[in-house]
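Assembling the complex is the task here: the two chains are given apart, and the hints tell you how they should meet.
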Amino acid sequence: MAERYSILRRPLIAGNKSFDEVTRDVCAPLESKSTSAWWMTFAAALAMLSVGAVAVGYQLKTGIGTWGLNNTVGWAFDITNFVFWIGIGHAGTLISAILFLFNQKWRTSVNRSAEAMTLFAVMCAGIFPIIHMGRPWLAFWVIPYPNMRGPLWVNFRSPLVWDVFAISTYFIVSLVFWYVGLIPDLATIRDRATSKIKRAITGFFSFGWDGSNKTWLRYETIYLLLAGLATPLVVSVHTIVSWDFATSVIPGWHTTILPPYFVAGAVFSGFAMVLTLMLIVRKVLHFEDYITLHHIGAMSKIIIATGGIVALAYATEFFVAIYSGNDYERFTFVNRALGPYAWAYWIMVGCNVGVPQFLWSKKVRSNVALVFAISLLINVGMWFERFVIITISLTRDYLPASWADYSPTSVEIATLVGSFGLFLTLFLLFARFLPMIAIGEVKGVLGYGKQTEGGQR
Amino acid sequence: MSRRLLSAWFGGERDILAATRATREAGYQILDVYTPYAVHGLDNAAGLRPSRLPWVCFALGLTGAVAKLWYQIWTSATSWALNVGGKPFKSVPAFVPVTFEMMVLFAAVGTVVAFFIVSGLRPGRKPRHVYDRTTNDLFALVLVQHDAGFDIAAVRDLLSRHNLVRLEERIEVPEVKTAPGSFLLKPALGWGLTGALVIVVALTYLLPRTFTEPNSEFLPGMVESVPYDPLSANTNFADGMTLRTPPSGTIARGHMPWDSSRAGTEASLVAAYVSTLSPDQLSDREARAASVFATFCQPCHGPAGKGDGTIPARGYPAPPSLDATNALKLTDGQIFNILTYGRGNMPSLAGRIPVNERWLAVQHVRRIQEIATAAATVATPPAGGTAPLNGKENPR
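In order, the protein sequences belong to chains A and B.
By the numbering used here, the letter at position 87 of the first sequence is numbered 89, and the numbering carries on one by one without gaps.
By the numbering used here, the letter at position 148 of the second sequence is numbered 157, and the numbering carries on one by one without gaps.
These are calculated hints, taken from the structure and not from any lab test.
One thing to keep in mind: the hints can contain errors.
What the hints assert, rightly or not - Per the computed footprint, the stretches of chain B lying under chain A, defined by three or more beta-carbons under 8 Å from a beta-carbon of chain A, are:
1) 36-46
2) 62-76
3) 84-91
4) 96-105
5) 115-127
6) 142-148
Unchecked claim - With a cut-off of at most 30 Å between alpha-carbon atoms, the simulated DSSO-like pairs for lysine-lysine come out as follows:
7) A:Lys-365 / A:Lys-19
8) A:Lys-216 / A:Lys-107
9) A:Lys-200 / A:Lys-19
10) A:Lys-35 / A:Lys-19
11) A:Lys-200 / B:Lys-135
12) A:Lys-303 / A:Lys-35
13) B:Lys-99 / A:Lys-216
14) A:Lys-216 / B:Lys-338
15) B:Lys-135 / A:Lys-198
16) A:Lys-198 / B:Lys-195
17) A:Lys-364 / A:Lys-303
18) A:Lys-365 / A:Lys-107
19) A:Lys-35 / A:Lys-63
20) A:Lys-35 / B:Lys-99
21) A:Lys-216 / A:Lys-200
22) A:Lys-107 / A:Lys-364
23) A:Lys-107 / A:Lys-285
24) A:Lys-365 / A:Lys-285
25) A:Lys-19 / A:Lys-285
26) B:Lys-195 / A:Lys-200
27) B:Lys-96 / B:Lys-135
Model, not experiment: these values are computed from the prediction.
Think of the CB as a built atom: it goes at the ideal place given N, C-alpha and C, for glycine as much as any other residue.
For reference, chain B alone in the conformation it holds in the complex (with noise of 0.2 Å):
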């Protein structure tokens, strides 16, 4: 239905006043008036009753003062209820400054929000009645002609008396089309996703719930997998087993093979160990080797493998010296073997020392022999000196 509406400018807060008492007082009825600022005085003019929204927002803040001291109170005395230096779990003076601040929150967020919804306001939203200037620097009043006996004439003569700027009628005729996405703003959406909401946030705390038993899942999937359990039988294949069997020469990850028929020599083996290694490591081989030493064989062994280390000096019989003839004739696994293993008194360390660690024992093993070798050529002359063979005397 459309309606027409007459709309009266005026340039000065006094003149729109005036105007809209006198149009009032004769009896028209107002539909509402525009203005650049809030011009003190004009709800009296109009007729308007006082706003409401102070109750709102005493009852918001009310609200927001009583939840929080509730919460404050449940969650410190019931749900968990923690000692903190001995204070009461109901500590309610110290529960006041929290409470003050959603009681002012609650408050003032509450009340805008109302305002906005009481007002029409809301992001996006055209203005109803565009009167550009009224923004800026012109007052309009806009009147409604709600019967024919609406005499335009005698309203121009009223308003004219007030310094009247400008008139128009206009006539509004309700919007038809409606905005994209206005289906969002419906009720009946609202009230479909309230209640909804309501509902399943009911059915959450009204149907029986078990705890002993699991969860029903949504979509097992994840857990119940469709692939065939590895050791389960399995007619697809002529063994008749899920599992296959891994492809010759297939090496476990983290697995040094041990195969000297398929590995070759030994020293093969410790150069195709060197060889996984990253350049990093490799610069840090000798350091890593004589770590490992130090840490495992050390103890019984000493630092030059003397077999003067610190226990054998507690009494445990000392182990021969890792540079006598017979150490010297091992080959590089025999000495692995007696680390994996263990030899007489010497204990195995397969399980302390990773096989990857053994072969760099023994390649420190090695070195501590060369050095020993080494000195004892330097010290040994030719015409058969007197220097001990057993190189007590310590070549660094």
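Only chain A is shown next, with the shape it has when bound in the complex (with noise of 0.2 Å):
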């Protein structure tokens, strides 16, 4: 059959794969031994996640005294990892909901592996403020559940409680969304299995699909259902982590600007790590056809927007700050930027003002090398951005008296490497034995920007 290929729309999906090419590439990782490369970043990830494991064992046994927090700095490394993690999981959600509600059939290529990456990253948040209360057997008294101190009931009031309505609520839909999105893929894998464990295994989990049209209808459906549901609750959960601060009166925190600043941010950070783990991906496991510098582009131009957005939240503190003619309010901001935290603040604004500015030009957003230095250094700043916001604010707080420097502890590094272990062990795991890459729903934009409609060969 002669193709014609449309000269506005490029395919999505180069190499002019059949179906039966695209199921046998994607299962490529899962269907040929571990290499030692992916043995070796195991090891590494599993030795960071074991560092960790230390770091919070020793932390619970011994107690948050070991941390380097003091009277006026109580939030700090911790929180700051939590709101960073969590921001890290909303490009995820904004992949797999957000763009399918704006039909960027692009996103078929790297929406599974951003929706792990959300359940993944919203695992390693969790972990920072159960440790946080310092007696995490207790964190179920977080759930309003009938007991036996009266009952005593939580605080529905506080921005705490939303927090974690917020986080499960986006956990369990994340992971319900998710698992939807993998039955047929996993339904694919079961019937390529060649052995008899591998295909039980994949029997059970695909839950009997059969690819009837019927149940596509009816997935379709609540596909979009989801996405509809998703795409509000993901802005709510990055708003409520920021009401966390703003709901509270420290200088620097109580701001109105905070929700969407926090939202853009997540959005922003989030987009930096899949362009990092998605560069890593398409060149270890080979889906350079599938991650196409078409797919780079369209992330790299969303950095650019949501940076410019976050861009704009910095300006806009600083303009509110001259402008309130609130003394308090103003010395703030100068003190984020010449105070004795001056350096973080400038990273911050290096990495998330500055780097990203390099993706207007297409010779960048074309040099993979080059995307990949800007979304490390845009991860770097955005973990910074919460640190500046969330420590510098605290170390100037009322009173000149009470004022107090902050530095983590040893034990606090070694946590947040062991979350990185954490989101690292998992991703490696994911990426060796379920598929990368969505293939039923790639099959279905393989026809895209040819003359033929569909997937139609």
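This is the structure we're talking about:
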């Protein structure tokens, strides 16, 4: 069959793949032996995870005195990490839900991994508030359950309780969303499996999927519904996270700009992390035909857009501080830029406002190594953004007499390293045992940009 | 009952769409179409109505939101209304975020569960119609040969106009073999268990409750014990008592015997006490003795036992020096006895110092005496010096 390509739209998937080739390409990493590179990375990830596990064990046994916190700075490293990881997760939902609603078909190549990234990032995020409680074995007290103390209920007016509901809902819905998307692909793996055990396991988890059109119809319906639900959900989650700060009265926290600022920052950092991971996956698992320069370019453009919102938010904060005429507010922001933690502030501005500007150039967007470096720098910058907002605001609170500095202890740093270890371990296991690309969805966009319609070849 | 199925495979989206539409328009009964991905427009071609799952989603979302809003108001304003920063108990705006989250949770999870139920998907379920390549690269149209007039040749003609890849006839025999554990899926069991749960919950609320009386106990053996009460009469023993006399020589826990006839000399009593100490305690013994002395004795007797503590300094009659000749003559037991019962102006310390530590105090008194005697011997030349015997010069 002769094929003609559109002059306006290029195919999303390069290499003129057939359906069978797509299946084979995506399943290849699952069906071959683990490479030595995988083992080495996995060992490194496990080592980082163990460092974190030891640190967490130590701080649970000894108490939260092992952290660098003091009377003035009660939230620092752990809450920074919490907000950082939650933010990372948001890009996954954005790709799977918001881009779905906007009918951005290029999302099909990256949505599976991005959703997995969301799940793992939310797991990493969840660890921090729980160990921050100091007595994590009582963590269930945040849940309003009928108890023998009255019953004494949680305070539903507190943003911290909202956080509990928002993050657990977010995790469950992301998990369900991810799993529903995974079922057709698990069935594909089941029907390809040569070993009995693999067939039994994938058969169990694929829920008896047989590709029936009636089921596909319902599947598409609930996929749309889930996307419609997840879109406001993801906005609400980071809004509620920002309320943890905004509803308090610390100068630097108590601002109405925080919710949109946090949501934009979350998407910004999340896309940077998606890019970091996808560029590695693309290279290591040979998915160059699926994650093309077009995908990288599209994600880079989202980074420019959200980075612009973040830059605008930084500027607005300063403007409002000056315009407010409030000395304390002014001091807070001057202190951020010129105070003892100015280095953190300028790392943040450099990485989040300066570095993404390089992506305006098409040459840079087409250079995978440069995009990778930029995405890493943005990750660093966004971590520092949370550090700047949370810690610097706290170190200089109301009375100069109670001002105090903060520096993390080795235990806190080891915990952060451990969370990266957990994230990488889970991601590597995912890459090894589950399809990284949504096979069923990619097949549906194979015909994109060709004269023939749909997936027809 | 078995039925005859006709499966036709196609290689592309356009073919399956056209073939499906053509067979439906020709009046054949389509069992289902199996595709490797969601083919848009196939629902139209196969004549399927849109799914009703959005209504389920809406109903569940509404349920979640209403239930959570009610729950927050009930817990915050009715069940235990706590004043938080002077905010109103029914602070509805503050309840919005959690209400929203629960709406999303109910709607999302509930819709997916509903999807699994209506599609018959569940963990471990076997695919009903296995056409391996339909999860990879082929599209299968499955027709039901519902009557005798089903003409396979005509169907083949119709389908081969759309790049037919393969045609296969199958006879579907309903499975008789039941999978292990399938009884768990029987509706009767589900309804029975649900009914039982409803009845139990209903009874919990409907049965009258008296809060002034203790609850009735299930298996009360742990509270109403089978053994005899220690002080009750007992015909099994010659003396008619339940409580047995302990064997002779039994010592109560934590109690030091004070029976010189049995325990021997006072020195051996001290030795017996010391033998009960662990090595750690032994190494700390002198320090502990000094500490007991400093806490309980020194306020009156002074650091060196000269009777110059802070209390006599404020007017209380000063005790005699502990290294006085009379004091040197006292045996360990006598000092212990003085500590226990008091003497003269000295009150009993039995209530304040436990037996073991009284012995330690005795030991420290002895040490003070040793130091004082040694100092006196050094300070007093054999020729009869001038050093005062009361040892006002502290040897240390």
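Outcome of the hint check:
{"no.": "1", "hint": "36-46", "verdict": "holds (count 6)"}
{"no.": "2", "hint": "62-76", "verdict": "holds (count 4)"}
{"no.": "3", "hint": "84-91", "verdict": "holds (count 5)"}
{"no.": "4", "hint": "96-105", "verdict": "holds (count 4)"}
{"no.": "5", "hint": "115-127", "verdict": "holds (count 8)"}
{"no.": "6", "hint": "142-148", "verdict": "holds (count 5)"}
{"no.": "7", "hint": "A:Lys-365 / A:Lys-19", "verdict": "holds (27 Å)"}
{"no.": "8", "hint": "A:Lys-216 / A:Lys-107", "verdict": "holds (23 Å)"}
{"no.": "9", "hint": "A:Lys-200 / A:Lys-19", "verdict": "holds (26 Å)"}
{"no.": "10", "hint": "A:Lys-35 / A:Lys-19", "verdict": "holds (24 Å)"}
{"no.": "11", "hint": "A:Lys-200 / B:Lys-135", "verdict": "holds (15 Å)"}
{"no.": "12", "hint": "A:Lys-303 / A:Lys-35", "verdict": "violated (36 Å)"}
{"no.": "13", "hint": "B:Lys-99 / A:Lys-216", "verdict": "violated (46 Å)"}
{"no.": "14", "hint": "A:Lys-216 / B:Lys-338", "verdict": "violated (108 Å)"}
{"no.": "15", "hint": "B:Lys-135 / A:Lys-198", "verdict": "holds (14 Å)"}
{"no.": "16", "hint": "A:Lys-198 / B:Lys-195", "verdict": "holds (28 Å)"}
{"no.": "17", "hint": "A:Lys-364 / A:Lys-303", "verdict": "holds (10 Å)"}
{"no.": "18", "hint": "A:Lys-365 / A:Lys-107", "verdict": "holds (24 Å)"}
{"no.": "19", "hint": "A:Lys-35 / A:Lys-63", "verdict": "violated (40 Å)"}
{"no.": "20", "hint": "A:Lys-35 / B:Lys-99", "verdict": "violated (60 Å)"}
{"no.": "21", "hint": "A:Lys-216 / A:Lys-200", "verdict": "holds (27 Å)"}
{"no.": "22", "hint": "A:Lys-107 / A:Lys-364", "verdict": "holds (21 Å)"}
{"no.": "23", "hint": "A:Lys-107 / A:Lys-285", "verdict": "holds (22 Å)"}
{"no.": "24", "hint": "A:Lys-365 / A:Lys-285", "verdict": "holds (19 Å)"}
{"no.": "25", "hint": "A:Lys-19 / A:Lys-285", "verdict": "holds (19 Å)"}
{"no.": "26", "hint": "B:Lys-195 / A:Lys-200", "verdict": "holds (29 Å)"}
{"no.": "27", "hint": "B:Lys-96 / B:Lys-135", "verdict": "violated (56 Å)"}
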